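Given the coordinates of chain U, assemble chain S with the ligands onto it according to the supplied hints.
The primary structure of each chain is shown beneath.
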Amino acid sequence: MKKELGIGVLLLLLCVAVAILNPKFLSATNLQNQARLIGIYGIFSIGLGIIIITGGIDLSVGSVFAFQGVLVAIALREWHFAWPIAVMGSIFVVMGLGLFHAVLITRLRLQPFIVTLCGLLMYRSIARSAAADETKGFADENFGPLRWLASGDLGPVPMQFIALLVVAAIMWVVLHRSVYGRYLYAVGRNEEASRYSGINTGMVIGGAYVLGMLLAGIAGIQLAFYTNSISPSGHGMSYELLGIAAAVLGGCSLRGGEGSIVGILLGTALLRVLQNLVILLGIPSSWNDFVMGAVILIGVTLDELLTNRVKRPKHPDAGPVSPSREPLPV
Amino acid sequence: MAPILQLTGICKRFPGVVALDEVSLAADRGEVVALIGENGAGKSTLMKILGGVHQPDAGQIILAGSAVTIRSVADAVKHGIGFVHQELNNLDNLEIAANLFLGREPLWAGPLRLIDRRAMVEASRPHLERLGLKIDPRTPLRQLSLAQQQLVEIAKALSQNARILVLDEPTSSLTATETERLLATVTDLRGQGVSIIYISHRLGEIGRIADRVVALRDGRNAGELGRGQINHDNMVRLMIGRDLKSFYVPGVGQHHPARLRLQGLRTSAWPSQAVSFDAAGGEILTFAGLVGSGRSELAQAIFGVTPPLDGRISLDGKELTIRGSRDAINAGIYLAPEDRRKTGLVTSMTIRENVTLPGLRDHAPAGLIRRGRESETTDRQIAAMQIRAPSRESRVMNLSGGNQQKVVLGKWLALKPKVLIVDEPTRGIDVGAKAEIYRLLRALADTGVAVIVISSDMEEVLGISDRIAVMREGAIAGILDRSRFSEVAVMNLAFGKAPTNTAASAAATASN
Ligand SMILES: Nc1ncnc2c1ncn2[C@@H]1O[C@H](COP(=O)(O)OP(=O)(O)OP(=O)(O)O)[C@@H](O)[C@H]1O
Ligand SMILES: [Mg+2]
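Those protein sequence lines, which keep their order, are chains U and S. The opening position of the first sequence corresponds to residue 1 in my numbering, with each subsequent residue numbered one higher. The opening position of the second sequence corresponds to residue 331 in my numbering, with each subsequent residue numbered one higher.
Extracted from the complex, chain U is given alone in its bound form (with noise of 0.2 Å):
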């Protein structure tokens, strides 16, 4: 808790210091449209979380973005299809890459890091030729209530926000009060000792990369029409590495076993304030990711020099070591 506390505070200071320096921050359009990203990317970085829990990583995401964002903008324009089909049917397509790295992870024992490399590597691959290279988008459509649902508002509040504060809730209650979330901190933390514990590990781990593709689903519903076209090699860029940085900037080791969803929620909003700090202050926007950048360090370095995190003693005594290799008479 010491932690969250640690990002709260300094995410307020940056807000008074922002809102001082450049009274439009508080205005009204300005925090509808910061609403609305903090919606979007607290979607798929809680997501990011939890996979980093299990002690992987997702570097597909941003791809993921981009392939999702043309394959729905096809059904819906040019296959026509009704809009909770090919919404839907989306979702459920990301998820099956999800579901398709997990097995690779967890059956296979390949790592994380480069199954979901390739993942980045394919998936705008396949989005770019299926696009033929050509931007994709939805015009001025409402399909139905498609498009107040994913980028509309709520009297003054932006739908991505409220989905947030929706899936924030029930990833909390997942997280730290189900047995699915205990197992995913303690798979992350000691993976042989769950296995002993009888916990079915792969199926943890496993759904961790699901459910994160669900979320990341989710969001690129949302992104899409967020950005309402799609230029397959440039949407969702990166995405997924600022995705990354707000969950270890909240609190995620990439270790494992440690994170916490108001720590990622806290991330997420630092990081999108930061950027529009970039903007509000006129600072060039050529210096918005060395800013992000550094605030990360400084985030982390402050983390870890004042909190006394979990350390994992070097040689910890009075244990048994692994078996010898040579026979020990009785």
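Hints are computed from structural coordinates only; laboratory data are not their basis. All of these numbers come straight from a predicted model, not from anything done at the bench. Take the hints with a grain of salt, since some may be wrong.
Stated by the list, open to error - Reference listing, derived: stretches of chain S covered by chain U, where coverage requires no fewer than 3 residues with Cβ under 8 Å from a Cβ of chain U:
#1 515 to 521
#2 556 to 566
As the list claims (entries may be wrong) - As a list, the in silico DSSO-like pairs of lysine-lysine whose alpha-carbon atoms are at most 30 Å apart:
#3 S:Lys-746 to U:Lys-3
#4 S:Lys-672 to S:Lys-746
#5 S:Lys-748 to S:Lys-672
#6 S:Lys-672 to U:Lys-2
#7 S:Lys-748 to S:Lys-648
#8 S:Lys-408 to S:Lys-464
All residues carry an ideal CB built from backbone N, CA and C; glycine is no exception.
Chain S with the ligands alone, transformed into the frame defined by chain U:
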């Protein structure tokens, strides 16, 4: 002349525990001082302070009469303190020589700072020879046995000109012959004037090599024994503050029907051997045999973590299909594995989280965990196992070895076992905790559970068992009833022939 080492008034606290309270320890040149105490008494902490791993909160370190401050491991090395931790800290992807000279490699080519491998290899030879290791220093470390790796660690400490050598439980995973070799080395080093601080729970070893015994209890000095006073009972009395009666509790001797029945089980470790045996409720059946004879693999097959290739397992007359540990757990067959840290516990989690892990669903109606229920179960197990910890929310990694082992047992006993397999239940555990674990296992058997113990400690094997199954090369070489229990009988079966010289001497040392 001042003693070469003097620790006085050392205090050290960790969050929630006072690990050391005004502890003193001295060693003379060429003296072997054994440091004993229960799990969590503070032995390792005291040595880690000497070795620069921890900083003391108070107290003085005096080396050869002058007070020093040891801020880091490098400082300790500079002062001639060598430390061999129980858990190996070597790089098994590198060769022996590279390990010996890690961080102080001989260099050449001036500013290019290239490693002079030939010089390094040559410089390694005398250090290895001094310990009787006749191995080429260019051998990759991973090709060595655990004991040889341990000796390389000692060679490394000595190659840094250690005048004081700390050995923290160096023999807990060594074979009997390797233990002999190590003890002989310690005696040699003493002759060469090296002072040695020797931590072990194997009191037999200590009786053989120690010049003096220093005991700690609950982070304080509990007394010392001079050469003439060192014997098992005196050491136990110092450590636990009372006599230890009835170490082994005999069974009530009732005959129960077979609960667990194995027929023709084959494991992937020994695919050509089929294993069959029965284990009855109410008995402690112990598996003895050489390390690598397939005992742990058999246990892992029954428990389903590495499912058996074929064969039949039945429990109380019902045939089981075991494809994973979940199947075994659902049937009531549990395994407390030999490596607590790697497979028995998630050490970064709390006692509560570990105890409830295998039975989490019972604490989570509708998939949602109830903290209250978890706490109840945990408190019950802490009381039943007499686990000593600041609270149920303590991280398991901060507990002493004995208490960690009790958490492993507690986690399974919370689930009402029908068959409990415990693999090396007392490795690295103090005498008091050992006695408690024996008591727990016997009590469990008396309630009708089939208890299967895997042990490499001959004294334990002969002491706690109702029957002994001896394994050799993946098969059961024979099963002994109490009337036929003897060290020789077990060794003969384990080696599969009349004991040769090595077997006989191994048998002699295993019983120390
Ligand atoms: N890094 C740590 N953080 C918190 N507590 C610790 C830490 N290291 C040790 N302790 C606590 O300090 C006490 C002394 O531990 P220590 O490891 O020195 O015991 P020991 O005598 O070596 O026991 P064993 O025979 O089990 O090895 C124990 O209560 C232990 O839980
Ligand atoms: Mg210790």
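Cross-check of the supplied hints:
1. Figure legend: the segment 515 to 521 of chain S, annotated as covered by chain U; annotation inconsistent (0 residues with Cβ-Cβ distances under 8 Å, at least 3 required).
2. Requiring three or more residues with a Cβ within less than 8 Å of a Cβ of chain U, the coverage given for the segment 556 to 566 of chain S is violated, as only 0 such residues are present.
3. Proximity of S:Lys-746 to U:Lys-3 is assessed by CA-CA distance (about 39 Å); at most 30 Å being required, the pair is judged violated.
4. A hinted pair counts as satisfied when its Cα atoms are at most 30 Å apart, and S:Lys-672 with S:Lys-746 qualifies at roughly 24 Å.
5. Distance hint between S:Lys-748 and S:Lys-672 is fulfilled; the C-alpha atoms sit about 25 Å from each other, no more than 30 Å.
6. Between S:Lys-672 and U:Lys-2, the direct Cα distance comes to roughly 28 Å. Compliance with the 30 Å bound is thereby established for this hinted pair.
7. A hinted pair counts as satisfied when its Cα atoms are at most 30 Å apart, and S:Lys-748 with S:Lys-648 qualifies at roughly 13 Å.
8. For the hint pairing S:Lys-408 with S:Lys-464, the CA-to-CA distance comes to about 28 Å; that is within 30 Å, so the pair holds.
Hint violations for this structure: numbers 1, 2, 3, all remaining hints satisfied.
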